[in-house]
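Colleague: One letter stands for each residue in the lines below.
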Amino acid sequence: MSMSNKRKRKDFVLQAITYAASLIGVFILSLIIIFIFKNGVGLINWDLVTNDYHAQYYNGGINEIEIFSKTVKPSELSESDFYSNKWGLALTDDINREGRAIVVVSYLANDSPLHDMYDKNDLENNTFALEIGNIVSSIKFENKESALSVYGAEKMINALENETEFREIVFSSLGGGIRGSLITTLYTIFFTLIFALPTGVCSALYLTEFAKNNQFTRIIRGMIDMLTGVPSIIFGLMGLAVFVPLTIRYTPASGANILSGSLTLAVILLPIIIRSTEESLKIVPDEYRFASLALGANKTQTTFRVVLPSALPGILTATLLAIGRVIGESAALIFAIGTAVKDEISIFGKSTTLAVHIWSLMTDEPANIELASTISIIILIIVLVLNLLVKLLSKAYLRNA
Amino acid sequence: MVNNIFTISNLNLEYGSFQALKQISLNIENKKVTALIGPSGCGKTSFLRCLNRMNDLISDCKVSGDVLYHEENIYGKNYNVISLRTKVGMVFQKPNPFPMSIYENIAYGPKCQGLKNKNELNRIVEMSLKKSALWEEVKDRLKNSALSLSGGQQQRLCIARAIAMEPEVILMDEPTSALDPIATLKIEQLINDLKENYAIVIVTHSMQQAARISDNTAFFLMGELVEYDETDIIFSTPSNSKTEEYITGRFG
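Protein chains in written order, with the working numbering: chain A, 4 to 404; chain B, -1 to 250.
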């Protein structure tokens, strides 16, 4: 009886240890997600994804005004929107993505004379316009002190309301958006997969289906395994030493670019793709191979028409892992693609992926944890969507098979 | 005049140092069912796999002796194994349809031989399914996955897949061992119908099955051919005492 109790206690302790160990993983994952969401969820909105990172500054001038606005303050505006009747303009205080106080245009009446402003820097600019969401940094007058945004929206609107003319309004777009980095990331995923998938899958096919199991293939396998363990920063150096000069030589590129970054990532991904494709080829039942060969198909037909399609769900999963790695990789890309956050993206130009964008935000002084966390949320969402997509694809594929 | 499609003489087969077949000599008649019986490990499956050279796929397997198919040694130099396998089809122990549609499973073999004509492929699929008595059950769902069929249907699909190549011989390696009695019965009826057009060589563990469906029976023991004769003779008046002991269930 006591033996059995002792044994029960022992079983309980052992089971408790396994539960606790798995809970640690869940705990850490939740901590990360809580941290990211707590810091980043405030900034997340659609504008962040579509806006440029670098704000565009404009100097708006105006000719003599004959008719002022007759619009009264609309009821949908709140207490914190300060409104000028004469100019048909409402300003409000806000905080930008870097955490600094700003003054934002929250309303512009249809009959506002500000619609007649012209671009003082480029008189030919026809698309020039003050828009809701623009940031007003200062209003300069001819014969009195400028109204600066640091004193708040209320003072600015009062200064404007008392005047019938001004020298210029300095305003800018919001900035801090991640559109450029997002596009770079998508480009990088695309090109990396174009380079790495065919090469990786074909190598795996060679190793599992065609090559004899001899010393040579064992050496190749060993090297592939070793590649998996090489830190990515070393691949980054290789990218800088090999792929950057190569792309400079054969493309219009003049420095690190999306192509050199993708090639570097492709090298990082090769061992991952080869190994996981090999695993999915190995679990294809030999019965399929025998059946195909017994029907008079040759080795190549058997491999490409029966074995490869059967391994496709596994290869899809490998692709997903690879994409996850592309999105998350930063160390190698600092060298191979650059850290310059850009809005105009060219595959031969410098730009940066979301992960490196996080890196450059965190190396800024002061570090912008909020925006970094927001980008992390977006990365998590992309990975999640891809994950679901791959699951759906392989499910649909298996149903049709 | 006996019409032999295979003439085998002094066939030896070794897996590494283990000799699985010893000096086998026998003739396989065209348009007859030949059953290979014997206890597990006696070499009957190894023998079957010699007839379409599937043993080539096993790395340390050595074959010597002559296997004449239409008077030509299939183990001779420069013999075209691919064309041999299109003429000598095979059905495996476990149903193994490809993870494709029913249609694609049957069209696979002809397509691998370079046949692209849609109408011709349709004709072959219909002919094969009709010959394997599966047409009525699947004609409305040819695009469905072959894996959605029952085990017995899958095995008949595998037979249809072999028939699609329009072979002369069909090798069957315990085709009913993974099936229930009703599915087994259907396959046996099918074999009976098929022998009008094809030579069938079947490995079976069931003595009753051998007695029911075969014309000739070969009894293997420890890699040797003990006795080979017409099935009626083997099961009524075997000349070797080992054969009698095996078929009466005293060992094996």
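Hint data in this document are derived by calculation from the structure and do not stem from the laboratory. All of these numbers come straight from a predicted model, not from anything done at the bench. Be careful, since some hints might not be right.
Stated by the list, open to error - Computed list of lysine-lysine pairs in BS3-like fashion (alpha-carbon distance at most 25 Å, straight line):
hint : chain 1 : residue 1 : chain 2 : residue 2
1    : A       : Lys215    : B       : Lys114
2    : B       : Lys114    : A       : Lys394
3    : A       : Lys302    : B       : Lys240
4    : B       : Lys129    : A       : Lys302
Stated by the list, open to error - Here are some chain B residues pointing at chain A (derived, C-beta under 8 Å):
hint : residue
5    : Met52
6    : Ile56
7    : Cys59
8    : Lys60
9    : Ser62
10   : Arg83
11   : Pro97
12   : Tyr101
13   : Gly112
Claimed, not checked - Label pairs and their in silico Cβ distance ranges:
hint : chain 1 : residue 1 : chain 2 : residue 2 : range
14   : A       : Thr202    : B       : Asn115    : 29 to 37 Å
15   : B       : Asp138    : A       : Gly232    : 35 to 43 Å
16   : A       : Arg221    : B       : Gln111    : 20 to 28 Å
17   : A       : Lys302    : B       : Tyr73     : 35 to 43 Å
18   : A       : Gly45     : B       : Asp138    : 53 to 61 Å
19   : A       : Leu32     : B       : Gln111    : 24 to 32 Å
20   : B       : Glu124    : A       : Leu395    : 47 to 55 Å
21   : A       : Tyr253    : B       : Asn115    : 44 to 52 Å
22   : A       : Ala399    : B       : Glu124    : 27 to 35 Å
Even glycine gets a Cβ: it sits at the ideal position worked out from N, Cα and C.
Colleague: Does each hint hold? Answer for all of them.
Modeller: Now the hints, each set against the structure:
no.	hint	verdict
1	Lys215/A with Lys114/B	33 Å, violated
2	Lys114/B with Lys394/A	33 Å, violated
3	Lys302/A with Lys240/B	42 Å, violated
4	Lys129/B with Lys302/A	29 Å, violated
5	Met52	6 Å, holds
6	Ile56	11 Å, violated
7	Cys59	14 Å, violated
8	Lys60	17 Å, violated
9	Ser62	22 Å, violated
10	Arg83	4 Å, holds
11	Pro97	4 Å, holds
12	Tyr101	12 Å, violated
13	Gly112	10 Å, violated
14	Thr202/A with Asn115/B: 29 to 37 Å	36 Å, holds
15	Asp138/B with Gly232/A: 35 to 43 Å	54 Å, violated
16	Arg221/A with Gln111/B: 20 to 28 Å	36 Å, violated
17	Lys302/A with Tyr73/B: 35 to 43 Å	19 Å, violated
18	Gly45/A with Asp138/B: 53 to 61 Å	58 Å, holds
19	Leu32/A with Gln111/B: 24 to 32 Å	54 Å, violated
20	Glu124/B with Leu395/A: 47 to 55 Å	35 Å, violated
21	Tyr253/A with Asn115/B: 44 to 52 Å	45 Å, holds
22	Ala399/A with Glu124/B: 27 to 35 Å	28 Å, holds
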